[in-house]
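From first to last, the protein sequence lines are chains X, Y, W and G.
So for the first sequence, the working numbering puts the first residue at 53; every next one is plus one.
So for the second sequence, the working numbering puts the first residue at 53; every next one is plus one.
So for the third sequence, the working numbering puts the first residue at 27; every next one is plus one.
So for the fourth sequence, the working numbering puts the first residue at 27; every next one is plus one.
If you're looking for bench data, these hints aren't it; they were derived computationally from the structure.
In this text, all values refer to a predicted model and were calculated from it rather than measured experimentally.
Please note that the accuracy of each hint is not assured.
Here are the computed lysine-lysine pairs in the BS3-like style, where the Cα-Cα straight-line distance is at most 30 angstroms [stated by the list, open to error]: (1) Y:Lys183 x G:Lys64; (2) W:Lys37 x X:Lys183; (3) X:Lys222 x X:Lys157; (4) X:Lys157 x W:Lys161; (5) G:Lys161 x Y:Lys157; (6) W:Lys64 x W:Lys261; (7) Y:Lys527 x W:Lys216; (8) G:Lys161 x Y:Lys257; (9) W:Lys161 x X:Lys183; (10) W:Lys64 x Y:Lys527; (11) W:Lys64 x W:Lys209; (12) W:Lys161 x X:Lys257; (13) X:Lys157 x X:Lys670; (14) G:Lys37 x G:Lys64; (15) Y:Lys527 x W:Lys60; (16) G:Lys64 x G:Lys261; (17) G:Lys60 x Y:Lys222; (18) G:Lys60 x Y:Lys183; (19) G:Lys216 x G:Lys261; (20) Y:Lys257 x Y:Lys222; (21) W:Lys64 x X:Lys183; (22) W:Lys261 x W:Lys209; (23) Y:Lys527 x W:Lys37; (24) G:Lys60 x X:Lys527; (25) Y:Lys222 x Y:Lys183; (26) G:Lys270 x G:Lys209.
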Amino acid sequence: MNTFSTQTATPPEHVSGRTQLESVVVRFAGDSGDGIQVLGAKFAAATALSGNDLATFPDFPAEIRAPAGTTYGVSAFQINFGGRVIKTAGDAPDVLVAMNPAALKVELPNLRSGGQLLVDAGSFSERTLRKAGYAANPLVDGTLDAYRRIEIDISAMTLEAVKSFGLSQKDALRCKNMWTLGLVYWMYDRERDATVVWLRRRFAKQPDVAEANVAALNAGHAYGETAELSGDLVGSVLPPAPIAPGLYRTVTGSEALAWGLMAGAHLAGLRLFFSSYPITPASPILHILTANRDAGVETLQAEDEIAAVCAAIGGSYAGAIGVTSSSGPGIALKAEAIGLAVATELPLVIVDTQRAGPSTGMPTKTEQSDLNLAMFGRHGESPVAVLGARSPSDCFDVAVEAVRLATRYMTPVMVLSDGYIANAAQPWNIPDIAKLRPFPVRFAEAGGGGSAGGGFLPYARDPETGARPWAPPGKAGLEHRIGGIEKGADFGHISYDPGNHQRMVDERAGKIAGIAEDIPLQRPELGDDHGALAVVGWGSTYGPINRAVDVLRERGLDVAHIHLRHLNPVPANLGALLAAYGCVLVAEMNSGQLAGLLRSRYLLPAEGLSKITGQPFKIEEIQRAVLERLGESA
Amino acid sequence: MNTFSTQTATPPEHVSGRTQLESVVVRFAGDSGDGIQVLGAKFAAATALSGNDLATFPDFPAEIRAPAGTTYGVSAFQINFGGRVIKTAGDAPDVLVAMNPAALKVELPNLRSGGQLLVDAGSFSERTLRKAGYAANPLVDGTLDAYRRIEIDISAMTLEAVKSFGLSQKDALRCKNMWTLGLVYWMYDRERDATVVWLRRRFAKQPDVAEANVAALNAGHAYGETAELSGDLVGSVLPPAPIAPGLYRTVTGSEALAWGLMAGAHLAGLRLFFSSYPITPASPILHILTANRDAGVETLQAEDEIAAVCAAIGGSYAGAIGVTSSSGPGIALKAEAIGLAVATELPLVIVDTQRAGPSTGMPTKTEQSDLNLAMFGRHGESPVAVLGARSPSDCFDVAVEAVRLATRYMTPVMVLSDGYIANAAQPWNIPDIAKLRPFPVRFAEAGGGGSAGGGFLPYARDPETGARPWAPPGKAGLEHRIGGIEKGADFGHISYDPGNHQRMVDERAGKIAGIAEDIPLQRPELGDDHGALAVVGWGSTYGPINRAVDVLRERGLDVAHIHLRHLNPVPANLGALLAAYGCVLVAEMNSGQLAGLLRSRYLLPAEGLSKITGQPFKIEEIQRAVLERLGESA
Amino acid sequence: MNVATSPATLKAADFASDQEVRWCPGCGDYAILKAMQKTLAELGARPERTVFVSGIGCSSRFPYYMATYGFHTIHGRAPAIATGVKMAYPELDVWVVTGDGDGLSIGGNHMLHVLRRNVDLQILLFNNEIYGLTKGQYSPTSRVGTRSPSSPQGSVEQPVSPVQFALGAGARFVARSIDTQQKHLMAVLKSAQAHRGAAFVEIFQNCIVYNDDVFAAFTGRNEAPHQQLFCEDGKPLLFDGGRKGLRLNVPQLSLETVTLGEDGVGTGDVLVHDARNKTLASLLAAMQPPVMPVALGVLYDSPAPTFGRRADAAARTPARAEALNEILRRGDTWTVTAASEIA
Amino acid sequence: MNVATSPATLKAADFASDQEVRWCPGCGDYAILKAMQKTLAELGARPERTVFVSGIGCSSRFPYYMATYGFHTIHGRAPAIATGVKMAYPELDVWVVTGDGDGLSIGGNHMLHVLRRNVDLQILLFNNEIYGLTKGQYSPTSRVGTRSPSSPQGSVEQPVSPVQFALGAGARFVARSIDTQQKHLMAVLKSAQAHRGAAFVEIFQNCIVYNDDVFAAFTGRNEAPHQQLFCEDGKPLLFDGGRKGLRLNVPQLSLETVTLGEDGVGTGDVLVHDARNKTLASLLAAMQPPVMPVALGVLYDSPAPTFGRRADAAARTPARAEALNEILRRGDTWTVTAASEIA
Ligand SMILES: Cc1ncc(C[n+]2csc(CCOP(=O)(O)OP(=O)(O)O)c2C)c(N)n1
Ligand SMILES: Cc1ncc(C[n+]2csc(CCOP(=O)(O)OP(=O)(O)O)c2C)c(N)n1
Ligand code: SF4
Ligand code: SF4
Ligand SMILES: [Mg+2]
Ligand SMILES: [Mg+2]
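Start from the sequences and build out the full structure, keeping to the hints where you can.
Put into structure tokens, the structure is as follows:
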């Protein structure tokens, strides 16, 4: 426990020097124009460099650039870092940095009572207060008494620090975020060098802007060192976290997913054909892959989601691994075409970066409500494999696995990510691609396996996997025709034969079910393979569930955490494993979709813990739910 | 039991006069060009007029007009009729009428051994036999020994009968179906008058063609009366079935569904706006409603399924009841837009005439594999009401109920029909529209219920139904804006508030769940409300399940038939009811989709009886499955 | 302005909803919004009879800011939804607001068919040559070389011209204006509203955040006069303050600019605008600066029968029970009497 | 003809698959199939390098009957799928076969964008002005008044002209031919194949079952000569056996027919076809019998940079591990040594 987590608002007696903390949650908030996301990202990078583990949660406003000073224009960035392994961006912030009244208005309710507050007093005026919806000035009317606050006229300080560079007032104020970063660097004893290098690279074309920002950064840092400050501001050192040795970087879920697709294609010995239509929060994957078109990647920004998935199918037909990506509304539009890939048994990866629905919903907010869509969102009997990514870095491994399954089983694979892990960042032990296990694809050969007396059999299945041969155009002797009409086994000619249809339906289903033999058995993330209660999760709920169970186990409770990566099919032993717990609690950011699947499959009384607010679970919410089930008090 | 169901191929001794039968299954088969569907439809009409109950099953070829004489060009029409209530088109035909070798080749396997065979010997030639894939002539090589057959050169007889009308050979042979109809009329003692009237109306512009067909009809009938025939051909009288008094007509599922939508709109006091894109087997609904555009119906043939559902949503927004219709591939495409109707809470009816999938699948074959799509085929949490129609005439009642629920609860309602009942025909006791219970819609009034201090509240819910007010444009004072972004309760302004999102998600879900209070409790169709085994079904499996259970109960077995109309939500008592049976067997033309839903909801070990061949269940298949479960022998 | 009755004359402000406008400061959409509110006021439009239907995009937020009926639908589908609204309720005055992505990328098919069918709507396409709401990817109208998150080395796709597409689709009214030129924009909006049938209006709209000044070549203070040509039916096609005009190059079958007074060119040599001539409209639509000026105003206006306005009121009123009973009883029917029942 | 190697020269029959052709007897599709098989043979095309991609419809059954690679996809999406095929494997010769419903109703948006992007494909639109496979509903190209199951009193929608739509979409090659005129059709198919970029070909195809003789006004034995005009680049636009020609009506900005020899009209007065002139192409595309002849052949052929043929082979070969390692290591990285571990 650290000085920040004291439950009282009265400051602890002054301690000279810095206290040791285990972990701290800091939330930066300000106007969209204040450069909050850059401020947060840079602090995260410096923090990672210092050896702390961390997790971040960028919280964008819905509007592109809402008018300055409005509450709906507030942009926030939360980071949880410390000397232990960090699993989430944290529940309530210990420290809130508010760059204007609107930010204070929106974010104050999240701050721990007794938490620390750093505000730019210079941004508080008659006008800005009204814009934020404040009748009176919270800095003076006692609203903030429950918090330990430091008010600094950051605006003025910044203008002062950069005045020598002769920027316009507007541009000069743009440096506020760097001044603040400098101060926070000092609080947590961070290095500035990397940031300075980055600033000079970033503003290479405008040296004076670069230097002004550097000056602001240094001024903020200097302020921390020299100014007369209440002990509360005195920052704290956090010991490095127990992290495996290796080369690290911070990575967002979008980056890891894009790179995982590239790695998967490489391991399959294929080119990657990626086709997508922009949509929040899925677009970054398109941006990242397009920027890497020189590394075995071809990308298409299609005219719509249907064209996107269709072009990807065309890419797979032609011998690349076709991948498409979108969020809920776009995934729904792809349903019919995914059915074509099911019927023609072509490899295809569909990435769904989930967001809050239904319909347009809340595009910038997170949710896990597309699991049923992934499982059942197609007409006819059209099973596909479904995977869920648990964290930013896990997106890499899941993407690789998706390409493996798609190519080995000639099937569409749905990958479920969400807006939270897509934008969140995490330190990542960078893998050596050369050391990953390859799974090279073998295309059909004339007169090869799939052939009978010279004639090519595009639907003769591999006895082991049940997959049909993959025969892209270009090879003489393998010319054949495929399509979405039911096909006769083996030759693949159009067939309306009743028995053949039953057989093909069964074989397509059996092929997907068979994947269960090709994936690891399910093991608990925490706890024993039996016990009083298991919290089951999938996707981005990993962090809060794992942390909650961790804490509960420290309290001596017999709780386990089971987290699914393979959602269809599920590991072969899952039913038996779940049956070994007194209570199975499935925590999901939806109405209980996985819970429903488990109940149906295993006739097991799995209970759902549902949260559908557009916000990730708080550790504490999961703890409370478990304690209730176990009849313990919080 | 009747002479046709004897298991031996040796003819019974000759009986002069006609035998009494309980029911007969006749299957007509021939070339697409032979007019088989007309032949069947006319026989059905005459049979209905005679007071028998009946059920039909038109079995179209996939191709529009396959080359003459090919097996894939064979068109068939099956009818089951008799002196008791008829629930299905029957399993194996007792009588097969084959107009050419291809028809014999395709259909013979379906004929009961010992069944009766009527073939047009005139159509059997070297060439036609080869086209049909016959090495030797089945009429002479003993292939048909297991059947009682009559070979007549129907072609020659027809040419002879119509030669006086000077038609071309081609047109003359077109009368074959009428000659055959005449003979079959004689076999079952049917009246010709209605058919003669129809022929003269149909060919009003070509009197000679009309008269030639009449002549052929009479000639066929005369042949039956006068010709020297083996006793096997002597037809049989069937007593009238126990049918409730009233005015009757034959109706197909497509007709009943279209008319039900019109009736529903009438009962709601609304205009019907129907918008669809053609697709097999859903198109007839568009055709029928378009032909009735003078009866409160506006129709649009949209450019695609997305436009179709969107236009329907626009129609509902403007104050009509918007309806769209398609089959699997098109329903999948509508998913995103249906989500908009869920979010904006507008009434909408979506009709899915299911066909065999996945993808293009087998468009002319039937299946029930879109239940999961109807339940879960949208992104985000977007529950809708789901109904299933059990028979052609039931489509009328289900369509009315769909409009009632859509308007009363301001929600999309998915109606599941399928290719089998859409094309099948059945006698129907025509309802008096004026006697149906109306459910008039009340649009929002300025300053009315949904208002607060003058301001209109488009999301203020009806305390009873949970529905929001419906305020089509046109009324001053109610101007408001809606959309697919999450809306704040009451005022409906855009809201990203976490608590509001949870509330709206819960309210949308609660509204649909609440429908359970507004529908009848579930009662078994047959059997007690508890027992050894219940066969559960939905949709077009009604006939075979009901007949099978009927027979089994006659055998003294403790079996019940439970058939669901409301699939979401299900009747409030369903869980308790199902729990009262030793075994719950869910018979579906899919992989067990309803079974999965029941298992998940009630943790009940419901077993699936699955058939995915594109063909309806046979009574006998269900019987066998039940007997197995009960450990009885067939 | 939710009052129970709609006063005879309304001011522009009466068409503004109570919602705070949430576009980026300086976005061209603000100017279009103002122009629309003034236009409706001057037209004496009635809020309860006016409906704005939009798709998804910054531009598609438009309906929220109008005190009329409004439907913010889904991406690309506004023309289809508006078709249903208009068919179900022809008396409404229905405006579609869309963007270059919403209307021509994902919504291209519905745009084609709403124009082909000639549904009586006003369709306003805010063309900023970028996907604004999704943070600036290039769009189908972005010129080759546009750098964006999805085209870091510059886009390579040939852009589509909204007005040329509309003409190819069979549109009967095609016009063009600029966000900030309020007077001209209002005049164009009025002619669009006056036109019966689908009226397609492309509005050049500046996205200050992701595509600032993309139209500067003809909207810039200095360029505007030389680079904008205002088409008026029956008037000579002059620009640059009447100093220059358009002439038909017969052998090339193309347009060329001429300077009046120079080598004997007189007003008589200048083409006169004929809004009913589709070939001329296509030629004008294709003009691009700097070689040629940009044609603004009503390029084409040739009314044709509109779709969905049913002559017979039959479909406009709910069906009567008698009518339905009659329909159900058409064709062969028969009566079963109690006699034919079996116990 | 599944043989392990592809002989140097193949006959038309070698391009026929072993599948029985299942169109209605007398369907125009048979003639197009024959013409295609002969064309590929004469072009010396290699079956293993040739791919046919189609949507859904009678016309879209085409690939099953070709002994090449073939993909019968879903309704309306062939252009999008073909774009993926071509981008992933540029060396393939990709043909898209679609219908008036498949390509212009549900598939209109993909058609717009494949033409706009100028993907190097041959796109054959079999226009029978009807939805054949679904048993005869009117289509977006059906003329007003078409009676069909979904338009019992005759259709009221204004049809779209495939070639005018293609030009509006920015197509760089637009041609037209007739199912049964094998020689001409083959010539058109060859020019389409020779054109680099998207080549759009409308083929008038007779649906004998649901829309028989809909083109009789210009395909009929008697009408054909007077009602068909064959456009050849650089040649005068003559028809009716050279007796008549086209002239530009300058004041009207339109085309008119003239009879040579009559009131002093000489060959010199007749317009010469310029396949690079889009305005002329639009004017030709718009001609309709009986007033004007139907323009056949290559109306427009003006090559432009094609899409998706990547200069750099980089994207054409799987990535190497080194390259990926380098990418993963760009930007800020740091090393954690065992020292920093905590027991
Ligand atoms: C089905 C679907 N696909 C994608 C998106 C994401 N999206 C929203 S707006 C938009 C494009 C907006 O561009 P434009 O229509 O030009 O409008 P602008 O923002 O530029 O005004 C996209 C791709 C979505 N909301 N829904
Ligand atoms: C998604 C979807 N919608 C509708 C259909 C039904 N359908 C199949 S082909 C077709 C239209 C065919 O018309 P066209 O493209 O002109 O081809 P033609 O049969 O005339 O050659 C339709 C509506 C379908 N198969 N899939
Ligand atoms: S992103 Fe561009 S278009 Fe969108 S609101 Fe901002 S300035 Fe306007
Ligand atoms: S329906 Fe028409 S288009 Fe289709 S196969 Fe038959 S004739 Fe050809
Ligand atoms: Mg835009
Ligand atoms: Mg067609």
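Each hint tested on the structure:
1. Y:Lys183 x G:Lys64: Holds. Lys183 of chain Y to Lys64 of chain G sits at ~27 angstroms (cutoff 30 angstroms).
2. W:Lys37 x X:Lys183: The hint holds at about 27 angstroms.
3. X:Lys222 x X:Lys157: holds (24 angstroms)
4. X:Lys157 x W:Lys161: Roughly 26 angstroms between the alpha carbons, so the hint for Lys157 of chain X and Lys161 of chain W holds.
5. G:Lys161 x Y:Lys157: Distance ~26 angstroms between Lys161 of chain G and Lys157 of chain Y Cα, so the pair holds.
6. W:Lys64 x W:Lys261: holds (27 angstroms)
7. Y:Lys527 x W:Lys216: Distance ~24 angstroms between Lys527 of chain Y and Lys216 of chain W Cα, so the pair holds.
8. G:Lys161 x Y:Lys257: Answer holds: Lys161 of chain G to Lys257 of chain Y is near 23 angstroms, not above 30 angstroms.
9. W:Lys161 x X:Lys183: holds (25 angstroms)
10. W:Lys64 x Y:Lys527: holds (22 angstroms)
11. W:Lys64 x W:Lys209: Holds. Lys64 of chain W to Lys209 of chain W sits at ~10 angstroms (cutoff 30 angstroms).
12. W:Lys161 x X:Lys257: holds (23 angstroms)
13. X:Lys157 x X:Lys670: holds (21 angstroms)
14. G:Lys37 x G:Lys64: holds (7 angstroms)
15. Y:Lys527 x W:Lys60: Holds, at about 24 angstroms.
16. G:Lys64 x G:Lys261: Holds. Lys64 of chain G to Lys261 of chain G sits at ~27 angstroms (cutoff 30 angstroms).
17. G:Lys60 x Y:Lys222: Holds - the C-alpha atoms of Lys222 of chain Y and Lys60 of chain G are around 28 angstroms apart, at most 30 angstroms.
18. G:Lys60 x Y:Lys183: With Cα atoms ~23 angstroms apart, Lys60 of chain G and Lys183 of chain Y stay inside 30 angstroms; holds.
19. G:Lys216 x G:Lys261: holds (19 angstroms)
20. Y:Lys257 x Y:Lys222: holds (18 angstroms)
21. W:Lys64 x X:Lys183: Holds, at about 27 angstroms.
22. W:Lys261 x W:Lys209: holds (19 angstroms)
23. Y:Lys527 x W:Lys37: holds (19 angstroms)
24. G:Lys60 x X:Lys527: holds (24 angstroms)
25. Y:Lys222 x Y:Lys183: holds (19 angstroms)
26. G:Lys270 x G:Lys209: holds (23 angstroms)
Taken one by one, the earlier hints all hold for this structure without exception.
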